[in-house]
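Number of protein chains: 2
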Amino acid sequence: MISAMILSIGDELVLGQTVDTNSAWLSQQLAAIGVRVTGHATVPDDQPRIEAAISAASSTCDVLIISGGIGPTEDDLTRQAVAAVMGVPLELNPTALATLTTFFARLNRQMPESNTIQAMLPRGSQMIENTCGTAAGIKADIARPAGGNSRVYVMPGVPREMKAMFVRDIMPKLQSEGGGAAIVSRTLHTFGVGESTVAEQLGALMQRGRNPSVGTTVAGGVVSLRVNAYFDSREKTIEEAERTSAACHQILGDLIYGQDGESLQQVVAGLLRQAGKTVATAESCTGGLLAKTLTDLAGSSALFSYGWVTYANAAKEQLLGVKSETLASHGAVSEEVVIEMASGARARAGSDFALSISGVAGPDGGTEAKPVGMVCIALADAQSTRARTFRFSGDREFVRDRSAKMALAMLRFKLLGKSMPF
Amino acid sequence: MISAMILSIGDELVLGQTVDTNSAWLSQQLAAIGVRVTGHATVPDDQPRIEAAISAASSTCDVLIISGGIGPTEDDLTRQAVAAVMGVPLELNPTALATLTTFFARLNRQMPESNTIQAMLPRGSQMIENTCGTAAGIKADIARPAGGNSRVYVMPGVPREMKAMFVRDIMPKLQSEGGGAAIVSRTLHTFGVGESTVAEQLGALMQRGRNPSVGTTVAGGVVSLRVNAYFDSREKTIEEAERTSAACHQILGDLIYGQDGESLQQVVAGLLRQAGKTVATAESCTGGLLAKTLTDLAGSSALFSYGWVTYANAAKEQLLGVKSETLASHGAVSEEVVIEMASGARARAGSDFALSISGVAGPDGGTEAKPVGMVCIALADAQSTRARTFRFSGDREFVRDRSAKMALAMLRFKLLGKSMPF
Chain A
683 MISAMILSIG DELVLGQTVD TNSAWLSQQL AAIGVRVTGH ATVPDDQPRI EAAISAASST
743 CDVLIISGGI GPTEDDLTRQ AVAAVMGVPL ELNPTALATL TTFFARLNRQ MPESNTIQAM
803 LPRGSQMIEN TCGTAAGIKA DIARPAGGNS RVYVMPGVPR EMKAMFVRDI MPKLQSEGGG
863 AAIVSRTLHT FGVGESTVAE QLGALMQRGR NPSVGTTVAG GVVSLRVNAY FDSREKTIEE
923 AERTSAACHQ ILGDLIYGQD GESLQQVVAG LLRQAGKTVA TAESCTGGLL AKTLTDLAGS
983 SALFSYGWVT YANAAKEQLL GVKSETLASH GAVSEEVVIE MASGARARAG SDFALSISGV
1043 AGPDGGTEAK PVGMVCIALA DAQSTRARTF RFSGDREFVR DRSAKMALAM LRFKLLGKSM
1103 PF
Chain B
683 MISAMILSIG DELVLGQTVD TNSAWLSQQL AAIGVRVTGH ATVPDDQPRI EAAISAASST
743 CDVLIISGGI GPTEDDLTRQ AVAAVMGVPL ELNPTALATL TTFFARLNRQ MPESNTIQAM
803 LPRGSQMIEN TCGTAAGIKA DIARPAGGNS RVYVMPGVPR EMKAMFVRDI MPKLQSEGGG
863 AAIVSRTLHT FGVGESTVAE QLGALMQRGR NPSVGTTVAG GVVSLRVNAY FDSREKTIEE
923 AERTSAACHQ ILGDLIYGQD GESLQQVVAG LLRQAGKTVA TAESCTGGLL AKTLTDLAGS
983 SALFSYGWVT YANAAKEQLL GVKSETLASH GAVSEEVVIE MASGARARAG SDFALSISGV
1043 AGPDGGTEAK PVGMVCIALA DAQSTRARTF RFSGDREFVR DRSAKMALAM LRFKLLGKSM
1103 PF
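If you read the sequences in order, they're chains A and B.
Note that the working numbering gives residue 951 to position 269 of the first sequence, counting from 1, and the numbers run on in steps of one.
Note that the working numbering gives residue 903 to position 221 of the second sequence, counting from 1, and the numbers run on in steps of one.
Fair warning: there could be bad hints in the mix.
Since the list gives no way to pick one copy over another, a pair counts as held whenever it fits inside one copy or between any two copies.
[To be verified] Using 25 Å as the maximum straight-line C-alpha spacing, the simulated DMTMM-like pairs for lysine to aspartate or glutamate come out as follows: (1) Lys845 - Asp693; (2) Lys821 - Glu756; (3) Lys821 - Glu921; (4) Lys855 - Asp1077; (5) Lys1052 - Glu924; (6) Lys845 - Glu694; (7) Lys1100 - Glu756; (8) Lys855 - Asp823; (9) Lys1096 - Asp1077.
Hint data in this document are derived by calculation from the structure and do not stem from the laboratory.
Small disclaimer: the values here were computed from a predicted structure and weren't measured.
Just need the whole structure built from these sequences, with the hints factored in.
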């Protein structure tokens, strides 16, 4: 099994101004392809410290994954440190320079002189293309004191650029170098019930030491089951991972909305597309988040065309035809109002479905009868408009996020022709 | 100045199942009391690796701050590793045992036998009370190979318990040992130009070794300058940080929109509030993201009431009054169309300003004339409606994010009564 260390470089990390999310992401990716991560290290933008960290890590690991410190500024010192540890000078790489020049030309901008440093690579290293930015990556071999080489990959610190580079270039290389024992991970996603409820239902499947193992993680209200299988042969590993995944499906049923990279909005979009249906949105407290979520996906214009953000009562009346009496007698956060919002939106958009949301996102505006976190959501279709009231317990961002996800969950169960199990 | 390393221990961190937020939090606290953090390291629940990390860190630093690995289970090995590095056995600490027993008695629960290990401390170390959980902390001295001692503090990994212990016990100790020297950090945010352009303009201010130092970081298109000042007295440190911040402002002018925790939308909302003005939104490719961003903030109803997501051409015509001839002759992504969207939105909302966005977010839908990343943005006010065309180079999420931010930037400069410097 290949062993790897992850090294993050940047003053902002060591000063705590930025939380390092790269290391956790890289660790997950490496675990998924059977590379054993033995540790993370973070050092400031200080060349001697970067060199010491590279030397220490490369002497104990097969692979060293570095992110950060390859920008165009004076405090970007990773390339210099790698060259120093290799004992070679930096050289201008013509391909890297051409890529840089093209990058700026495409933007109709003059390349600043300072960017030239980004085309300099340690002699004997290879460039890794950056498809999203100016900082080319570096692949190099560092001789170990005890003999043999350690492979070093250097990537930009910007998470988006780092992830694109890792997935496109480095992961396939590591995978082909691996061989032997395999790890297969499947992640199954649920939304709507808590982690402990999911864990209780799964029972023995979550026992420690089981192989495949089943663990839960929670992010943004999504409770995910991670199934990890480790066996000698890849076939056996896949087979066992599938068998355990099927057992989870058996127990949790439609609570599982998707797996691995699938998002709730992707699943809902897929169901809408399958049914040839469209949806419109009418939002108050989520302020456009539901529409934004539906349009995160390319090609969403086939299923979504019309959205309203009616943050004020006047907007609800003027744009969606909510009656002023309804607002006056029930208040903006009420099932009565979201029902009129959803049916108004559906009629005006000429869509098959409409979702509406009105709630108290907080931190202010809560009352005893309508506390912060109380949210009404309605779903209109050709037959009827039904509303439900939820209570989300968290800050403004939390309440808005869960509201948008719950609206999508309601539409998902409608499209499945089932009632919501929560 | 005291130097410190932060060591986090846990398989879940090294496997990427949990993002390590403790290190960033501790770094911030340490910086605030004038302790210089020289790096972070993360190792799995593996005793030899924990020992190696403790030895390496304690040989280079005055203080080593450890979190994790002191729970009651078999994979909690930090106390054993500290004892091994100190070359002493673990001993039962009567105070720690009494505290544990009391803890369980208060919960009316029998103390599981496995918890007894939590009352074991390396001989010669001191217990640090845990007011929120069962894992007592450890304070110990480790002899350095080069002579002298390194002080080691061990805390639980659970963030809530760790933070309580650090603030109550460890921070005051470090502060009293430190004496004098302080670090003050200021972060100034810009949006609209690249990192290298900002760095070139700042020139000598960014020179390495300067104190206060000025560095740049980029996140979501926001280029931030980090000003760090380190001097013996707190007064001098603040004074110098302010002087360098002022120099950055002098050079970059209105390119700097805010500092520290301020977001672009907060600044724009503040300017709108000051002027007593309102804004409406009309979005195509951003699909609600601009409205969502404006309503991220509590109290946004005073400045934002109406938003439209007109993803289809028909929606642009029906909801905003965009002329079908304009759509036919210029296409949905054109300055002509966003101008009609913005003025239509402003008229319907009765707002002071309206922002509109239409672009090719990708990954599909690009043509030679209108490539992926081309985005038109218009701003309407009582006098006129002006549009600009931008080219953002990145994936769908990138294009949508930068479009929403650029719209906010346009509104900001309008409210400042200045023309955009980019």
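### Message
As a check of your reading, is Lys845 near Asp693 (CA-CA no more than 25 Å) within one copy, between copies, both or neither?
### Response
both (21 Å within a copy, 22 Å between copies)
### Task
Could you figure out if Lys1096 and Asp1077 sit no more than 25 Å apart (CA to CA) within one copy, between two copies, both or neither?
Result: close neither inside a copy nor across copies, 28 Å intra and 32 Å inter.
#### Entry: Identical-chain pair category, Lys855 with Asp823, by Cα at 25 Å
within (14 Å within a copy, 44 Å between copies)
### Task
Check Lys1100 against Glu756 for me: Cα-Cα at most 25 Å, and say if that holds within a copy, between copies, both or neither.
Neither, since 59 Å and 32 Å both go past 25 Å.
### Task
Since the copies are identical, ignore which copy is meant and state whether Lys1052 and Glu924 lie within 25 Å (CA to CA) inside a copy, between copies, both or neither.
Intra 45 Å, inter 45 Å, cutoff 25 Å: neither.
### Task
First find the shortest C-alpha distance between Lys845 and Glu694 inside one copy, then the shortest across copies, and answer within, between, both or neither for a cut-off of 25 Å.
both (19 Å within a copy, 20 Å between copies)
### Task
Up to 25 Å between alpha-carbons, please classify Lys821 paired with Glu921: within, between, both or neither.
Neither, since 35 Å and 44 Å both go past 25 Å.
### Query
Are the CA atoms of Lys855 and Asp1077 at most 25 Å apart within a copy, between copies, both, or neither?
between (43 Å within a copy, 24 Å between copies)
### Query
For Lys821 vs Glu756, is the C-alpha pair at or below 25 Å within one copy, between two copies, both, or neither?
Cα proximity of Lys821 and Glu756: one copy only (22 Å, versus 39 Å across).
Consistency with the previously given hints fails for numbers 3, 5, 7, 9, ordered from lowest to highest.
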